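Engineer: If you read the sequences in order, they're chains W and D.
Counting in our numbering, the first sequence runs from 1 upward without gaps.
Counting in our numbering, the second sequence runs from 1001 upward without gaps.
Because the hints were derived from the structure by calculation, they are not lab data.
Note that the coordinates shown come from a computational prediction; the quantities given were computed from them, not determined experimentally.
Be aware that a few hints might be false.
Straight-line C-alpha distance at most 30 Å; calculated BS3-like pairs for lysine-lysine [stated by the list, open to error]:
#  : chain 1 : residue 1 : chain 2 : residue 2
1  : W       : LYS145    : D       : LYS1057
2  : W       : LYS144    : D       : LYS1057
3  : W       : LYS93     : D       : LYS1240
4  : D       : LYS1057   : W       : LYS129
5  : D       : LYS1082   : D       : LYS1246
6  : W       : LYS93     : D       : LYS1246
7  : W       : LYS177    : W       : LYS129
8  : D       : LYS1119   : W       : LYS177
9  : D       : LYS1082   : W       : LYS93
10 : D       : LYS1249   : W       : LYS93
Listing some non-contacts, in silico: residues in chain D with all C-beta distances to chain W over 10 Å [to be verified]:
#  : residue
11 : LEU1074
12 : GLU1123
13 : LEU1127
14 : ALA1128
15 : SER1224
16 : ILE1232
Beta carbons are placed, not taken as given, at the ideal position from N, Cα and C, and that holds for glycine.
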Amino acid sequence: MKRYIYLLVVFALISTSTFGQGMFGISYDIGLPIGGTSDYIGAPSFRGFGIEGRAFITDNLSYGGSFNWATFYEEFGPEEWNIESESRTAYGKQYRYINSFPLMATMHYYFGEWDATRLYAGAGIGAQKIDQRTDFGIYTINDKKWRFGFAPEVGVLIPVNFNSSINLSAKYQYAVKAGDSDAVSYLSFKIGFAFM
Amino acid sequence: MAIYLNLKLSVLKQKPLIGVSKKTILLYTMTKKMYKISKPGTLLALGLLLLAGCYPKGPEYYSDTDLTVTDYDLEYNFGDQKKYWMADTVEYITNIDNSELDQEDVDALLSQIASNLEKAGYEAVGLANPDEADFVITVSVIASKNTSVSWVPGPPCYPGWGWGCGWGGYYPPYWGGYYSYSYTTGSVITNWWDPDTPAPAAAADDEQPIHWVATFNGLLSSSSANNKDRVIFSVDQAFKQSPYIKSNK
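Here chain W stands alone, though its shape is the one from the complex (with noise of 0.2 Å):
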């Protein structure tokens, strides 16, 4: 796994320099966890960031490697919980972390002109580490894995200058379930930096 992200790494910092025209971007993002994933932790995250890299093959399509991070967290109680079994009970606080790392390569179609704001939409694929930790009194379960992921995406590039833009998206981040580990989803709002 690890050699898949190494070649992807390298993939995502080439991808600006192969071809004349590149972008490079960083975002502070924004999570709201859905599906499954809310019932664990429902709380939004404002604890994440981003960094990706696009070149274009053609005025509209561009192609290149993302990495971000968000972190989810939420308190629960102190309330009683039954655990493994109907006659066991437990009484105290849970603290719950994901650390969502998805590691992905882009594709992304652009609409419009590029010296006006231009509207576009895209997909990630690859890897995605996810720590999903709970604490609970003196006692950590903890569960890192390495899952294949996905992210479709809309967005919008609103010119600054000639060299930089505001980026705007929302995404959605879906890692697939491993082993006894649920799949984790959440929508990612992206504020960021375009820098050509």
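Keeping the supplied structure of chain W fixed, place chain D upon it in accordance with the hints.
Structural biologist: Just chain D now, kept in the frame of chain W:
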């Protein structure tokens, strides 16, 4: 904003301001230099610093680590029991040198357990009359700097009381709590066992089933008053979350 930053920089160049540390000046100067070299890189670095600052912290107080776990035998009839026996001391297990329990704390712990049992309709028998009891409550306290105390041994011997660890042959010895947790901090384990319950066929000679176990644990604070309050609260919570413990006699 830009004007403010420029002014601040010009002032810093002249002489250090009162209240502005050298570290702050150094950080500011380095950030400005970095910004000139790489705008995206500097923004990224600052963003990471901000994110690191607001990383979720988790438990803040010792009591946030407290956990009360109870488990019981689904086939045991708690309502048919009435009288119980409980020693006036606890078994203390520790790997901390020169560590002793305060007898006042022990008395408070046992008193709270007795109070909850009384509220549930049970009666204590005298210390010298264990054979009158329907069931026995034993309490162990563990204070450990390490992990891997996964098995709690039998009750302490009481030399001079006329019976030993095997209850003089009348009561079979019992096994301790059956949790395989590792206790890295302070724990109290309360066991309910019934001398009339036959040991499972597979059990060793010195083993006896436990019908109810309550475990309280958490990080020990340096304040014994704080630790005691938390244990007392946990005792009440253990009985609160065990509504099946109620005598019908």
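Engineer: For each hint, tell me whether it holds in the structure or not.
Structural biologist: Results for each hint:
1. W:LYS145 with D:LYS1057: 23 Å, holds
2. W:LYS144 with D:LYS1057: Answer holds: LYS144 of chain W to LYS1057 of chain D is near 19 Å, not above 30 Å.
3. W:LYS93 with D:LYS1240: Holds, because 17 Å separates the two Cα atoms, which is no more than 30 Å.
4. D:LYS1057 with W:LYS129: Status holds; Cα separation ~21 Å.
5. D:LYS1082 with D:LYS1246: 9 Å, holds
6. W:LYS93 with D:LYS1246: Holds, because 27 Å separates the two Cα atoms, which is no more than 30 Å.
7. W:LYS177 with W:LYS129: 12 Å, holds
8. D:LYS1119 with W:LYS177: Not OK: LYS1119 of chain D and LYS177 of chain W at ~48 Å, beyond 30 Å, violated.
9. D:LYS1082 with W:LYS93: Roughly 34 Å separates the two Cα atoms, so the pair is violated.
10. D:LYS1249 with W:LYS93: Distance ~36 Å between LYS1249 of chain D and LYS93 of chain W Cα, so the pair is violated.
11. LEU1074: 5 Å, violated
12. GLU1123: The claim holds: GLU1123 of chain D sits with its nearest Cβ about 25 Å from chain W, beyond 10 Å.
13. LEU1127: 31 Å, holds
14. ALA1128: At about 34 Å from chain W, ALA1128 of chain D clears the 10 Å cut-off, so the statement holds.
15. SER1224: 19 Å, holds
16. ILE1232: 14 Å, holds
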